[in-house]
Amino acid sequence: MPKSLKVGIWTFIGSFLFLMFYGFQSVLVAAIGALLIAIFGVLLALPLPDVVKSGLLTGIIGLVFVIAYAVERPAIALLGAMITGVSAALMASYRQHKTDLRAGAIQGALAGAVGGALTAIALFLVWLYIVPAAGVTNIAYAKLLSETIPLGASLGSDVAIIGWLSALTLLISMLLGALMGMARTVEGVRGNLLSYAILGLVVLLIPILDRQTELQLLNAFIPVFVFILLALGLNIVVGYAGLLDLGYAAFFAIGAYTTGMLSSPLHDTHWNFWLVIWIAAAVAACAGVILGAPTLPLRGDYLAIVTLGFGEIVPILFRNLGGGGPNGSLTLKLFGGQLGTADIAGFTVMDQVNLTGGVAGINPIDPPKLPGIVFGPQNQVPWFYLLVAIMMLTLFLINRLRGSRQGRAWTALREDELAADAMGINTVRTKLLAFAMGATFSGFAGAFYGAYVSAIFPTSFDFSVSIIVLCMVILGGLGNMAGVIVGGLLIMGADRLILPQTSNLIRKVVQHQQNTLDLPTYRDITQWRLLLFGMVLVLMMLVRPEGLLPNARRRAELHPDEDTAEQENATLFDAERDPQLAGH
Amino acid sequence: MATRSVSQSGDPVEVHQRPWLTTRRVIIIVSTIVFLALFGIPLLNVGYKMVETPSLFLQQVVTGLTKGTYLAIIALGYTLVYGIIELINFAHGEVYMMGAFFSLSLIGLFGLSGESSALALTFGLVGIMICTMTFTAVLNASIERFAYRPLRNAPRLAPLISAIGVSFMLQNVGILWGDHNLWDNLADWTGIDRLTRIGDAMGSNMVAPKSFPSLLPNRQVPFIPDSWFTFTWKSLLVVVVSLSLLGALYAFVRFTKLGKAMRATAQDRDASRLMGINVDLTISLTFLIGGALGGAAGMLVGLYTGTAVFNMGFTAGLLAFTAAVLGGIGNILGSALGGLLIGLLLALSDQYLGSRWSNAVIFAILVLILVFRPTGLLGEEGGQKA
Chain A
1 MPKSLKVGIW TFIGSFLFLM FYGFQSVLVA AIGALLIAIF GVLLALPLPD
51 VVKSGLLTGI IGLVFVIAYA VERPAIALLG AMITGVSAAL MASYRQHKTD
101 LRAGAIQGAL AGAVGGALTA IALFLVWLYI VPAAGVTNIA YAKLLSETIP
151 LGASLGSDVA IIGWLSALTL LISMLLGALM GMARTVEGVR GNLLSYAILG
201 LVVLLIPILD RQTELQLLNA FIPVFVFILL ALGLNIVVGY AGLLDLGYAA
251 FFAIGAYTTG MLSSPLHDTH WNFWLVIWIA AAVAACAGVI LGAPTLPLRG
301 DYLAIVTLGF GEIVPILFRN LGGGGPNGSL TLKLFGGQLG TADIAGFTVM
351 DQVNLTGGVA GINPIDPPKL PGIVFGPQNQ VPWFYLLVAI MMLTLFLINR
401 LRGSRQGRAW TALREDELAA DAMGINTVRT KLLAFAMGAT FSGFAGAFYG
451 AYVSAIFPTS FDFSVSIIVL CMVILGGLGN MAGVIVGGLL IMGADRLILP
501 QTSNLIRKVV QHQQNTLDLP TYRDITQWRL LLFGMVLVLM MLVRPEGLLP
551 NARRRAELHP DEDTAEQENA TLFDAERDPQ LAGH
Chain B
585 MATRSVSQSG DPVEVHQRPW LTTRRVIIIV STIVFLALFG IPLLNVGYKM
635 VETPSLFLQQ VVTGLTKGTY LAIIALGYTL VYGIIELINF AHGEVYMMGA
685 FFSLSLIGLF GLSGESSALA LTFGLVGIMI CTMTFTAVLN ASIERFAYRP
735 LRNAPRLAPL ISAIGVSFML QNVGILWGDH NLWDNLADWT GIDRLTRIGD
785 AMGSNMVAPK SFPSLLPNRQ VPFIPDSWFT FTWKSLLVVV VSLSLLGALY
835 AFVRFTKLGK AMRATAQDRD ASRLMGINVD LTISLTFLIG GALGGAAGML
885 VGLYTGTAVF NMGFTAGLLA FTAAVLGGIG NILGSALGGL LIGLLLALSD
935 QYLGSRWSNA VIFAILVLIL VFRPTGLLGE EGGQKA
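Protein chains in written order, with this note's numbering: chain A, 1 to 584; chain B, 585 to 970.
Extracted from the complex, chain B is given alone in its bound form:
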């Protein structure tokens, strides 16, 4: 497959073109054929089902996009951290879990329930959200301070393992947090009887899923007719809060001086230090923001789905990480887009393939993206750095 061309000096030069049928392409074609042979008919079947009842399809799309907005919020935590220190922050999923647990405890402590007045609910929930975000922000930043910062110049494996360690520790904290005996005993010793309310909110079994009281109105919003699809106030709130957090973050990173410092640090740490940027502070700030977003997502998910479990962070974390990679890790809008897409895929696969396949589908997508387009959909840069 060599063609003859003429160089500038006039001498003929052999230019080698790679044959079109490379080994890689052969592997891809063969595996596509095998895949279609195995799953082709079921997939056609799925397609047929989608067209058969469009309303169901539309409903799933809406549900998926709603889920996608909070996945996007979690994904932002990954993308911010990966963008700035190139670390897959395994503990981020657990920070999100801690957000759900903390907000549930506060809801129990303040005694909010479905019967509370609208005013109390509004102010209570806003206050709890602020407290939760502060808590997870501080948590995330202190994780960075104690577990990642000392390893900044260590080999890349070290912070990754450290992150996994922190994630295990937080999961265990989640297990212990869910034990009502602990809260009852704490109430005994400190003399603050109110603490038993947290224990009540946690239920009797320490590892069982905790149930949130249904605080958000579960009615259809007025401006969308029932006949189109179901869209409740609850979903609307989740979407609105998530999107406004997303917008706020985008504006912060894009237009403020600190945001500029973050972008500079992400691009070149040493150069930005030379330019007078306090790199450690900027990284701490990134973790603060990521933690706050994770906590907010935890609370939203708790209110939306009504449950929180100590190991909810692992799965959600992997979904969100997939979303971040899909959109292009390090890119804020990309992560948002990735989150929406993953939410959509999740809802569709729940409906048409069965929820037991959903995780496998998501991981397969993750693997395919990383193998074929590691930069993601919106990523511009060289993608992975060794």
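Just chain A, same shape as in the assembly:
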């Protein structure tokens, strides 16, 4: 209880500091918001059933989505319901595992219902308060509703449509929750496969929903997924093998630039994307080995700094190898033949090859070609499905890798390098393979990203990319794939989906309320993203350094007094007591 009050007070102070720029009305808003958060905290601290708590926690996702988007695109509630339902059921089963199919279904449905209800309530609030505050008239909103909501046109009045939308939200959330709850009751690999199938169903439904209800969110979803792909790759290096890599964007850049150089008008090579993506992954893997080799004797902070150095050098190289003025700059010509012939004294600088397009980058890059399907900037759906296919491949490969001999070698290396070496693990090979595998997946991501955005610049791969990806891994939970995906969804989702839209909404409300057209830049919430981002990092480290969904071993490491360690010890104890297992 006191903790939630503390959080409420701090939120109040924080939102006050931010909102005081908006005048005194908003201080009231801050007070109400802080009060709500405090109430929420108290609710979570009360001895409520796990089902309700999971529903409340995951309902926040739907709530935030709805508040940010529903003024312009009310159908967002359906998307929010899908995400909330699945995650509520997942969280409920994570907190309290059920084995009975029916009990699981009820648990999932209840959790989903609570989350869906929260989303629906948010929808009503938006309709009642935020829509008029943003200056959208009732008639305009009713028209928007009837145009974008399925069956909306036949229902007529806006009250009816909102009611129908809320019912649909609740229903979808409950249905998906129940499905997920049932899937979680199945033990072992089949259960995991079922859960993945349901997640896949949701992901595959997103483009259809998007197209039907004009959400136009795919171009925001695709970068989110690209970054999750990157985070999954980095998780191999940092999470599994325990090598802190602060220059991961270098491999992303290498993948993207390989694609750009092989299939663009720059060198007039138009290789097929389906070939190039494999070449990009292979080149990135080689780069992983080459950049990983000098770091082999290093540990801890020094490793982090060297990788950071590489992460800075690679974009600089891509920038500087793009031709440019010869005077006073170090230039090189690799296969031009003049290298040896020029006399040194009168050596004006050799003319330079434009390898990478320099500051101007590479633009345009060829899209993939498939018979009957057009990959273009207007048509996002094939890109989305292609990315989902790459992600499924990645998830499959990493899942197999983790359990393999190599994966266990990584874990051993992370736990104790000396002991791993003594046990006969080839530490050099293991480390290099970790770098190479991590780089491979970012090569995939880079190739896709290059083809998707069709224009790449050296500045797209700077330090902040490495850090954002690292934060996704750490926030979600090092070494746990589900955690990494959750972390990625939260960070990139907030960055690409929520923040810009919220900023838009605030601008609209302020403009309507104060009748001013321009908003000073410091009031724009997107200008605050670094601050919010840094704050999340610091708070995360202070409150829960192991991440949201940590892997069990790491949690035991960080909280030795908690029951996870006891559980492991108990298992160990049982195993020792068991005469069959003990082997004597």
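One thing to keep in mind: the hints can contain errors.
If you only want the chain A side, here are some residues facing chain B, beta carbon under 8 Å, derived [unchecked claim]: (1) Pro-294; (2) Tyr-302; (3) Ile-313; (4) Asn-320; (5) Gly-322; (6) Leu-530; (7) Met-541; (8) Pro-545.
Residues from chain B that keep clear of chain A, each with C-beta distances beyond 10 Å, as calculated [what the hints assert, rightly or not]: (9) Gln-643; (10) Ala-704; (11) Leu-741; (12) Trp-812; (13) Thr-816; (14) Ala-832.
Keep in mind that the hints were calculated from the coordinates and are not lab data. The beta carbon of each residue, even a glycine, is placed where N, CA and C say it ideally should be.
Please arrange chain B on chain A, whose structure you already have, making use of the hints.
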């Protein structure tokens, strides 16, 4: 490659000597050959250019050493903190940036400009420097208090990530600080009209580089003839202030009781606690000193180069960290030496390779040092600790 030797008891013992041509050496030789094949001729060209016009070379050396003195001051902040709690304080570069912003705001607030009288300038600048150093010292110490101290016994990754988080937050503060609308509105609410002067000093674009008024005299110093190289009063001031700060710090750590406590804490935290040293206080003190030095460097750089940007801390921080590592991290004189060397290299590579390669050169040096001599030039101890 086994040689036969005789042990004390007289039995022959096989002693294995490692072959000279190890894999590591093969890799080094091959990469050196590749490097020379690629860059050999351009490097020769660079060497030729250096000899061709010695005056230009000398000028670059002087500029580089001037830059090196303030890099050394920033590097000290890294080295002190790393020496005492083994943390790469990523936020230090941002503390330096905040120093530049704070001093620019004060200069704007007090209305100092190139036309002010010499007396006003002297007292104003000294006062502003003291205020700036206090501000950044307190800032740095509070960062330690709230973001690092709770993580003292956490795994090493945790404070590092926390430091990166703080660095992001401060960068954002730098962005917002540079918005003149913010200062104008603050002036409206508080009724202090003078605050708009800070807004004026920040210019119209919040993320654009801020320009300092030219306050330091840009004339050649009298005791060096023009024909040798250009050396202005401005450079002289930067060098003198930096070197005296450096000397003061060295004397403090070497000769005072608190300095002794700092060295003891750096060596063994638990043992010094047993000896009655207040470890938390000593660490706070280290951050205070580091922050003050960073703020002073920020102000000096602002006055010397005339600009300050919200992301100036990242690059400068990496340069300074490289300097600290080059000299031997944890070693005060080493960091000073490293700073000078990095400044020199930076100036030379700006002149002869082109400034767009400078960062790559510096990072390549960083990587090479860490790989081949992690203890740095003057470091004695085992260097990295896992």
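Hint-by-hint comparison with the structure:
no., hint, verdict
1, Pro-294, "holds, 5 Å"
2, Tyr-302, "holds, 5 Å"
3, Ile-313, "holds, 5 Å"
4, Asn-320, "holds, 5 Å"
5, Gly-322, "violated, 10 Å"
6, Leu-530, "holds, 4 Å"
7, Met-541, "holds, 4 Å"
8, Pro-545, "holds, 5 Å"
9, Gln-643, "holds, 15 Å"
10, Ala-704, "holds, 32 Å"
11, Leu-741, "violated, 6 Å"
12, Trp-812, "holds, 23 Å"
13, Thr-816, "holds, 23 Å"
14, Ala-832, "holds, 28 Å"
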